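Colleague: These protein sequences, in sequence, are chains A and B. Counting from 586, one number per residue, gives the positions in the first sequence under the working numbering. Counting from 420, one number per residue, gives the positions in the second sequence under the working numbering.
Certain hints may be false.
Said to hold, decoys possible - If we take Cβ atoms under 7 Å as the criterion, some of the chain B residues that face chain A in the derived model are: (1) TRP449; (2) LEU547; (3) GLY675; (4) VAL677; (5) ASN678.
As the list claims (entries may be wrong) - Derived DSSO-like pairs (lysine-lysine); straight-line CA-CA distance at most 27 Å: (6) B:LYS569 with B:LYS662; (7) A:LYS841 with B:LYS616; (8) B:LYS569 with A:LYS841; (9) A:LYS831 with A:LYS841.
These aren't lab readings, by the way, just hints derived from the structure by calculation. All values reported here derive from a predicted model rather than from experimental measurement. All C-beta atoms in this analysis are idealised placements derived from N, C-alpha and C, irrespective of residue type, glycine included.
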Amino acid sequence: MIEHTRQRMIEHTRQRMIEHTRRRMNGRTDWAAHLVLCLGALLFLLPIWLVLVGATLEPAAIARGEFSLIPRLQGLGVYASVLTEGSPGAGPVWRMLLVSAGMALAIACGKIVISVLSAYAVAFFRFPFRMAAFWVIFITLMLPVEVRIIPTYTVMSDLGLINTFPGLTVPLIASATATLLFRQVFLAVPDELVEAARMDGAGPWRFLRDILLPVSAANIAALFVILFVYGWNQYLWPLLVATDPKLDTIVIGIVKMIGTETQTEWNRVMATAVLALVPPVGVVILMQRWFVKGLTEGDK
Amino acid sequence: MERRTIFPGWKLPAALVLPQLALTVVFFLWPAGQAIWSSLTQADPFGIRTQFVGLDNFTDLFADPLYLDSIARSVFFSAAVAALSMGVALALAVAADREISFRGAYRVLLVWPYAIAPAMAAVLWILLLHPQIGLVGRWLNGIGVAWDYKLNGAQAMLVVILASAWKQISYNFIFFLAGLQSIPRGVIEAARMDGAKGFFRFRTVVLPLLMPTVFFLLVVNLVYASFDTFGTIQALTGGGPGKATETLVVKVYRDGVVNLDVGSSSAQSVVLMLGVIALTALQFRFLGRRSDSG
């Protein structure tokens with residue numbers, strides 16, 4: 586293990602030196618690449634800057650089209666105001682943030698738990714209809730909410746799940762993607778490790794808890810980011826199953842706010858937009874390294 | 420691939436897959452079955468009885484010029500979104516793959532928009548393009564372009580394409596960059612030694628090696644543009660003005676949830692299901708990779 590780490594460090598240093606030399610030998614700065622990347626960054630930063638500034642401006646000024654590019658510091662109070670007071674047609678933002686956070690966390694954790702369990706069963710056991718079970722799970726890949734809007738609504742109302750928090754989350758917890766991913770990860774665990782664990786008298790639960798989960802921690806972290814963003818960003822599902830304003834997620838809430846266009850207070854919309862973006866963006870930036878790796882490599 | 424070493428017994432594993440299976444059956448297979456069943460039935464005008472009508476809903480659907488228009492609109496929309504988003508992302512990834520300074524910073528700046536919800540992309544673009552309050556929208560009106568995407572169908576289409584493609588750039592960038600980085604440096608060096616330069620080297624050496632990523636992203640982007648953009652379109656234009664931005668998913672929603680035409684909406688759902696199945700099959704048949712649609 587230590588030898589392996591040392592090797593990797595040597596390899597890493599070698600790569601850095603090669604890169605450094607190559608950059609020096611290239612001599613000139615790659616202006617074209619910098620230009621393209623700056624334009625790309627601007628493409629995403631400009632709208633965000635406008636929203637950050639817009640949130641602090643006076644609503645009347647925005648409505649007249651007097652849009653300054655410099656934030657007005659005394660306008661920052663709008664955040665306190667949108668968080669605590671509702672707007673016409675929408676409740677206070679703190680509640681929406683709470684619903685969104687609850688939904689994103691419940692979906693991310695729920696998906697990870699039931700997918701780890703089912704992938705564990707499929708990879709480490711032989712039981713009747715194992716492959717049938719696997720295929721049933723696999724099929725869900727092909728049935729996104731968007732293609733079964735009406736019938737799913739019927740099932741939800743038959744089960745009394747309309748306008749409930751479980752209704753908002755539980756149906757989205759089934760996940761073929763996560764199951765497939767964990768199955769791949771588990772299949773890559775060397776047989777020797779399993780053999781050794783069994784020699785030591787570890788039962789299936791101890792093996793899962795003490796060996797399998799620790800070795801797949803990086804995959805779980807990466808998947809958590811992807812699923813948290815997925816849960817936070819849901820729109821059609823809450824639109825269908827939660828008509829009660831108490832269960833408005835922040836994404837639903839903000840679309841409602843811009844819907845009533847005649848009386849839109851744009852600074853409040855923009856402050857809400859900022860608050861809606863902070864959690865998922867924060868999670869992605871904080872866990873970027875794992876997340877990018879998990880997204881592109883986890884599925885080979 | 421199969422394991423050689425396994426744990427004995429079947430009760431524990433059966434209990435382990437049960438939660439996943441139960442959710443799948445109740446919330447996926449059962450509604451999908453319902454959709455297929457109700458696509459084959461029709462309610463009488465008073466909604467008292469439903470009767471089996473075979474494939475009538477489907478023949479009605481494909482005889483309906485409005486539906487055919489919606490198909491054409493969706494195909495155009497999806498192709499435009501995929502092409503625009505992948506093109507921009509590829510240019511950015513090629514630039515970010517160079518050995519230049521600040522590449523770490525550039526990557527963070529281009530990866531974070533992954534977190535933006537489709538509906539939030541719409542909100543941000545409204546703030547840019549709104550004819551009265553949007554910076555760009557007002558500027559356009561100022562220079563004499565009659566800009567109002569709430570009234571002009573072509574402009575509305577342009578706006579939903581831009582917002583949808585913009586939202587997907589990060590995702591494509593991440594995959595293109597990973598694809599570029601997996602190309603062995605030696606291959607590029609060899610091409611450089613042989614005198615292959617700039618765009619020629621990219622087209623003849625890099626692009627062929629990047630083709631698996633391109634195909635994978637093409638399928639993912641088509642699925643994204645067809646299904647995940649519902650939030651973007653709904654928030655931006657609601658499918659309007661008129662039917663100018665009514666893609667297939669928006670139409671299912673309008674017909675089913677707003678107009679309560681269950682038979683037709685179910686038939687449309689079944690058609691969409693076949694579409695997703697075809698795309699997913701394509702993806703797994705040729706690429707052996709997953710989509711991340713949840």
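Colleague: So if I understand the rule, the pair passes when the alpha-carbon distance is 27 Å or less; does LYS841 (chain A) with LYS616 (chain B) pass?
Modeller: 53 Å, violated
Colleague: Keeping to a limit of 27 Å between CA atoms, is the pair of LYS831 (chain A) and LYS841 (chain A) held or broken?
Modeller: 13 Å, holds
Colleague: Is the interface hint for TRP449 (chain B) satisfied, with its Cβ closer than 7 Å to some Cβ of chain A?
Modeller: 6 Å, holds
Colleague: Quick one, is the LEU547 (chain B) hint okay against chain A at 7 Å, beta carbons?
Modeller: Interface hint status for LEU547 (chain B): holds (6 Å vs cutoff 7 Å).
Colleague: Does the structure keep LYS569 (chain B) and LYS841 (chain A) at a Cα separation of 27 Å or less?
Modeller: 17 Å, holds
Colleague: Using 7 Å as the Cβ threshold, decide whether GLY675 (chain B) counts as touching chain A.
Modeller: 4 Å, holds
Colleague: Quickly compare the C-alpha distance for LYS569 (chain B) and LYS662 (chain B) to 27 Å and report which way the hint goes.
Modeller: Status holds; Cα separation ~12 Å.
Colleague: Let's test the interface hint: is any C-beta of chain A closer than 7 Å to that of ASN678 (chain B)?
Modeller: 11 Å, violated
Colleague: Less than 7 Å between beta-carbons is the criterion; does VAL677 (chain B) satisfy it with respect to chain A?
Modeller: Violated, about 11 Å.
Checked against the numbered hints given earlier, the structure breaks hints 4, 5, 7 and satisfies all the rest.
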